[in-house]
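Each protein sequence line maps, in turn, to chains A and B.
Going by my numbering, the final residue of the first sequence carries number 278, and the count climbs one at a time with no gaps.
Going by my numbering, the final residue of the second sequence carries number 115, and the count climbs one at a time with no gaps.
Hints should not be assumed to be uniformly reliable.
For lysine-lysine, the following PhoX-like pairs were computed, each having C-alpha atoms within a straight-line distance of at most 25 Å [as the list claims (entries may be wrong)]: (1) B:58 <-> B:70; (2) A:240 <-> B:102; (3) B:70 <-> B:102; (4) B:44 <-> B:102; (5) A:240 <-> A:177; (6) A:240 <-> A:224; (7) A:240 <-> B:44; (8) B:102 <-> A:224; (9) B:102 <-> B:73; (10) A:177 <-> A:233; (11) B:58 <-> B:102; (12) B:44 <-> A:173; (13) B:58 <-> B:73; (14) A:177 <-> A:224; (15) B:102 <-> A:233.
What follows is a set of in silico ranges between Cβ atoms, one per label pair, in the way DEER data are often shown [what the hints assert, rightly or not]: (16) B:28 <-> A:220: 12 to 22 Å; (17) B:85 <-> A:258: 43 to 53 Å; (18) B:53 <-> A:164: 20 to 30 Å; (19) B:81 <-> A:178: 48 to 58 Å.
Residues on chain B that point at chain A, a partial pick, calculated with CB under 8 Å [claimed, not checked]: (20) 48; (21) 108; (22) 112.
No lab work stands behind these hints: they were computed from the structure.
From a predicted model like this one, the values you see are computed outputs, not experimental measurements.
All C-beta atoms in this analysis are idealised placements derived from N, C-alpha and C, irrespective of residue type, glycine included.
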Amino acid sequence: EAEVAQSPRYKITEKSQAVAFWCDPISGHATLYWYRQILGQGPELLVQFQDESVVDDSQLPKDRFSAERLKGVDSTLKIQPAELGDSAMYLCASSPWSGGLTDTQYFGPGTRLTVL
Amino acid sequence: GESVGLHLPTLSVQEGDNSIINCAYSNSASDYFIWYKQESGKGPQFIIDIRSNMDKRQGQRVTVLLNKTVKHLSLQIAATQPGDSAVYFCAEMFSGGYNKLIFGAGTRLAVHP
């Protein structure tokens with residue numbers, strides 16, 4: 163069964179350092195999402211790509227976060243510099259784009275970030 | 003603003019009992035709802051969905067009920083098993099634009115033998 167891949171699974175860094183997360187969506191899925199999930203809360207959308215284009219990054223802290231999906235396949239989310247409040251689970255999801263309402267989002271296992 | 007929330011943060015049930023997890027949503031314009039299950043250390047896993055033109059949808063051991071009058075969503079799990087122990091999230095989707103999914107805070111389901 164096809165899955166969304168993410169790496170690394172765990173990342174520990176010191177504040178002010180740069181970190182990067184990688185996501186490989188399910189093959190053929192045009193839409194890719196990055197979410198942040200704070201412990202005990204639901205995921206919150208950071209950025210959404212349709213192919214290689216950003217269609218929603220309204221919740222992305224652009225002073226320190228950046229995301230790219232250059233070839234419309236895999237994607238990288240970067241934080242520079244990391245802050246203590248960035249400690250969270252970073253989830254990637256993908257969905258096929260048929261223009262339909264019920265394009266299910268499939269999630270990867272996430273990257274657990276701890277900022278010291 | 004729009005939000006999706008849950009009535010109970012933790013639900014404890016005995017193995018074999020039926021479980022009901024509730025969710026309230028605030029945006030009457032939402033037209034698609036999804037339940038996800040998240041086990042510790044894993045990403046959310048799709049369970050079942052329902053569109054706003056439906057009141058009920060059944061899956062394998064799970065049923066989702068939608069009451070648009072009071073903006074309420076529930077997930078029923080029949081014959082709850084230890085493997086059902088997880089955090090359950092409801093989420094609502096806005097079909098205008100690019101299908102943005104808004105998650106609630108989650109309910110932890112604990113199944114006791």
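Quiz prompt | Proposed proximity, residue 224 of chain A with residue 240 of chain A (alpha carbon, max 25 Å) | solution = holds (10 Å)
Quiz item: At a threshold of 8 Å, is the proposed contact between residue 112 of chain B and chain A supported by beta-carbon distances?
Solution: With Cβ-Cβ at 15 Å, over 8 Å, it is violated.
Quiz item: Within 25 Å, alpha carbon to alpha carbon, are residue 102 of chain B and residue 73 of chain B?
Solution: holds (18 Å)
Quiz item: Does the alpha-carbon distance linking residue 177 of chain A and residue 233 of chain A stay inside the 25 Å limit?
Solution: Measuring from Cα to Cα gives roughly 31 Å; hence the hint is violated.
Quiz item: Under the criterion that the straight-line Cα-Cα distance not exceed 25 Å, is the pair residue 58 of chain B, residue 73 of chain B satisfied?
Solution: With Cα atoms ~14 Å apart, residue 58 of chain B and residue 73 of chain B stay inside 25 Å; holds.
Quiz prompt | 25 Å limit on alpha-carbon distance, applied to hinted pair residue 240 of chain A and residue 102 of chain B | solution = holds (22 Å)
Quiz item: Are the Cα atoms of residue 58 of chain B and residue 70 of chain B separated by 25 Å or less?
Solution: holds (11 Å)
Exercise. Answer holds if the nearest beta-carbon of chain A is closer than 8 Å to that of residue 48 of chain B; otherwise answer violated.
Key: holds (6 Å)
Quiz item: Given the proposed pairing of residue 44 of chain B with residue 173 of chain A, does the C-alpha separation stay at or below 25 Å?
Solution: holds (15 Å)
Quiz prompt | Range agreement (Cβ of residue 178 of chain A with Cβ of residue 81 of chain B, hint 48 to 58 Å) | solution = holds (51 Å)
Practice problem: Could you grab the alpha-carbon distance between residue 70 of chain B and residue 102 of chain B and see if it respects the 25 Å cut-off? | Solution: OK: residue 70 of chain B and residue 102 of chain B at ~20 Å, within 25 Å.
Quiz item: Are residue 102 of chain B and residue 233 of chain A close enough, with their CA atoms no more than 25 Å apart?
Solution: holds (22 Å)
Hints 10, 17 and 22, counting from the list given before, are not met by this structure.
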